[in-house]
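**Student:** These are the residues of each chain, in order.
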Amino acid sequence: MKKVRLNVFSLLEKVRSRKPVIHHLTNWVTIYDCANVVKVFGASPVMAHAPEEAAQMSAISSALVLNIGTLTKDLVTAMMIAAKSANQKGIPVILDACGAGATALRTDSCLDLINNRRIDIIKGNASEIACLAGEKVMTKGVDSSEVGSDLKKIASKLALKRKCTVVITGKEDIVNNGHKSYIIRNGHPMMDKIVGTGCMAASVIGTFAAVEKDLSFAAASGLVCFEIAAELAVKKALGPGTFKEKIYDCIYNLDEKTLNGMQKVYQ
Amino acid sequence: MKKVRLNVFSLLEKVRSRKPVIHHLTNWVTIYDCANVVKVFGASPVMAHAPEEAAQMSAISSALVLNIGTLTKDLVTAMMIAAKSANQKGIPVILDACGAGATALRTDSCLDLINNRRIDIIKGNASEIACLAGEKVMTKGVDSSEVGSDLKKIASKLALKRKCTVVITGKEDIVNNGHKSYIIRNGHPMMDKIVGTGCMAASVIGTFAAVEKDLSFAAASGLVCFEIAAELAVKKALGPGTFKEKIYDCIYNLDEKTLNGMQKVYQ
Amino acid sequence: MKKVRLNVFSLLEKVRSRKPVIHHLTNWVTIYDCANVVKVFGASPVMAHAPEEAAQMSAISSALVLNIGTLTKDLVTAMMIAAKSANQKGIPVILDACGAGATALRTDSCLDLINNRRIDIIKGNASEIACLAGEKVMTKGVDSSEVGSDLKKIASKLALKRKCTVVITGKEDIVNNGHKSYIIRNGHPMMDKIVGTGCMAASVIGTFAAVEKDLSFAAASGLVCFEIAAELAVKKALGPGTFKEKIYDCIYNLDEKTLNGMQKVYQ
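Residue numbers (our numbering), protein chains in the order written: chain A, 66 to 332; chain B, 66 to 332; chain C, 66 to 332.
This is chain A alone, in the form it adopts within the complex (with noise of 0.2 Å):
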């Protein structure tokens, strides 16, 4: 593997510009989080679950993300009329398997979207993941488990079967659309300590997926900008709850500079 350097500002600078719209049908936990950490990067949110409108809010998105954080079958059906708008735009659609592997029915629905609609982001923990690519793990709860086999591999395998990118987050973050792959080394242990950086992510992710066509590119980049956020924020809180707040303020004051010195992406 080797460092490369990624252009991530200019990414995060088309973000501020455009502002695009990311709508998401998520989970109730850390709904208000996947909102405001959008919006602070300086996209637009919105959250629109009943599937009499999740259809026209994907059409007037640039993102759609689905996390399944606390799925019920209704939440699933509109995923899937969400999903169905987004593929007739043309929009990129993260998938946030959030939880996949601990019960039949979040195991099952991910695996409904992604057999009967076009999701182009993939994103897990290495259990999570593991589960979707069909690999024997133990998920405790919606914690991460350890993974015995290969987890590039099992990015990669995935992402040419599926025909997507995959994103496996852990101390070092795995991005590979089956061609191509980044490592990120971005990010701290204190992001465990908190409930929700997961679902953020995922948000990011999406929110970069908005404004670049190369996804790899895209959700690389999104978890560079969060989690060099996150390192900064680290330095300036006493607890995961300083952190929590501090994260957002060095979202949104992330430059250039910052970006470029920071970042620890390998390929």
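Calculated directly from the structure, the hints in this document are not laboratory data.
Just to be clear, a hint being listed does not mean it is correct.
No distinction is drawn between identical chains; accordingly, a pair holds when it is met within one copy or between any pair of copies.
Below, a list of computed lysine-lysine pairs in the BS3-like style, where the Cα atoms sit at most 25 Å apart [to be verified]: (1) 218 / 278; (2) 329 / 218; (3) 201 / 84; (4) 222 / 278; (5) 84 / 258; (6) 300 / 217; (7) 236 / 84; (8) 258 / 322; (9) 79 / 258; (10) 329 / 154; (11) 84 / 245; (12) 258 / 301; (13) 149 / 138.
Got chain A sorted already, so can you dock chains B and C onto it with the hints?
**Tutor:** Chains B and C only, in chain A's frame:
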């Protein structure tokens, strides 16, 4: 227009001493912030959206706030029930027309509520209010768009037609009941950098409407308090994350001198 | 009453090392805070309210927390399913009777749960517990009312009748299993100035109940930790907004010396 001095502290004191119960049927994105802003102002928020209890909760409340930010058909049905009970009791009903104009479901649900229940205060940004007033606008998700027409006239026309108070939030806020009008020039652009300030404003208006029969005065006073707190919070913040937390501190610590000295209300 | 010293740190260490999964079916207002407080204590929150997965999620959890703060009939059905699974597995079930007495739906749903499932810990404020114990009270929304009767007797009577542990939160917290009783005098009035501390307390109790079979000891220890953190947070806060964030920092940084030195537990 001439500058006027509102005795907003007299209403704030009533809120703090009477601790009115403010019932909400609201969205899942900002539901915590709506509840918390009411609480920090000294009142008592309650959120009950089950059709089986919505009427009973309205009947023990002093104001009802309806917000369609993540509406479903079922939620609108519950809003109808809650509003009917509120109308029977004679407590003020505030409608935050969050995203009206963005989808048919949002626009139609607002109109259903306005046509079939007594809505005492209709609140929205320029594009939302213009939509409900029958003016042509382009809405971009739930964030405001520019409206070509004269906003004050739109507010006045809608207020007269619906026999209610209309609040248009923006750089300048307009409060108009068809007969008198307040313009509020408090607040700070940072309020638009985070999710939730619009919804919180509606909850604050509801809180003040619970203690004052002159609903224009109540709405203007609530906005003045909230936006002065925001101005104070910006000074203590390093970005949108710390701003969000400081705004609660500043609301909690509002005093008469500050409210008299900083208010910018015109008539 | 005499002051006693609980080894609460031993339980905190178990939470941190075992990282138990705490399943919630809770309300949409404070769902984030319930999840985050569990996480910051070192455990692993999960929220799954779909009837199709509620049982399966209980089966991989170490405690189940039910909170009726924004209940619907469907949610209560899912609670019944989740609690049945929890009962079969033998993990503790905690019921936060949020707003019991305010509406018939809330009171009846609590009683349905208590009558038909094994509820190990019933938690509420004075008016909520009095309502479930069959005492006459006036409830003002979800906030507590004064209760004329002797609270300790009510707690004991309800605990004996329902063969469970009863927790009444307030200026003094009462933990009573019918045979032994703890009074906790930690905490700070600032906890009542924000939304969510009551719900978070129930989640904390669930977290400690997941690692300790003596549920009164577990509940008392959880409250002591949470409330000492609140006392520490107040000292670092300028108001309810910063208090809210600092409480997470203070929970995360709790150590043995602090817990031993600051606890105020009586028997």
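**Student:** Look at each hint and say if it fits the structure.
**Tutor:** Now the hints, each set against the structure:
Taking identical chains as interchangeable, the C-alpha atoms of residue 218 and residue 278 lie at most 25 Å apart only when both belong to the same chain, with a minimum of 24 Å there against 44 Å between chains. Within a single copy, residue 329 and residue 218 get their C-alpha atoms as close as 21 Å, which meets the 25 Å cut-off; across copies the closest is 55 Å, which misses it. For a Cα distance limit of 25 Å, the shortest separation of residue 201 from residue 84 across copies, 22 Å, qualifies, whereas the shortest one inside one copy, 40 Å, does not. Only within a single protomer do residue 222 and residue 278 lie at most 25 Å apart by alpha-carbon distance; the minimum there is 21 Å, versus 46 Å between protomers.
Taking identical chains as interchangeable, the C-alpha atoms of residue 84 and residue 258 lie at most 25 Å apart only when they sit on different chains, with a minimum of 12 Å there against 30 Å within one chain. For the identical chains of this complex, residue 300 and residue 217 are neighbours neither inside a copy (31 Å) nor across copies (47 Å), given an alpha-carbon limit of 25 Å. In the homo-oligomer, the alpha carbons of residue 236 and residue 84 lie at most 25 Å apart only across protomers (19 Å), although the nearest pairing inside one protomer, at 30 Å, exceeds that limit. Taking CA atoms no more than 25 Å apart as the test, residue 258 paired with residue 322 passes between copies only; the shortest distance there is 23 Å, against 28 Å inside one copy.
Taking the shortest alpha-carbon separations for residue 79 and residue 258, only the inter-copy value of 17 Å comes in at or below 25 Å, while the best intra-copy value is 31 Å. Taking CA atoms no more than 25 Å apart as the test, residue 329 paired with residue 154 passes in neither setting, with 34 Å inside one copy and 45 Å between copies. Within a single copy, residue 84 and residue 245 get their C-alpha atoms no closer than 28 Å, and across copies no closer than 36 Å, so neither meets the 25 Å cut-off. In the homo-oligomer, the alpha carbons of residue 258 and residue 301 lie at most 25 Å apart both inside one protomer (16 Å) and across protomers (21 Å), since each shortest distance falls under that limit.
Within a single copy, residue 149 and residue 138 get their C-alpha atoms as close as 17 Å, and across copies as close as 21 Å, so both meet the 25 Å cut-off.
Going down the numbered hints, you'll see the structure goes against 6, 10 and 11, while the others check out.
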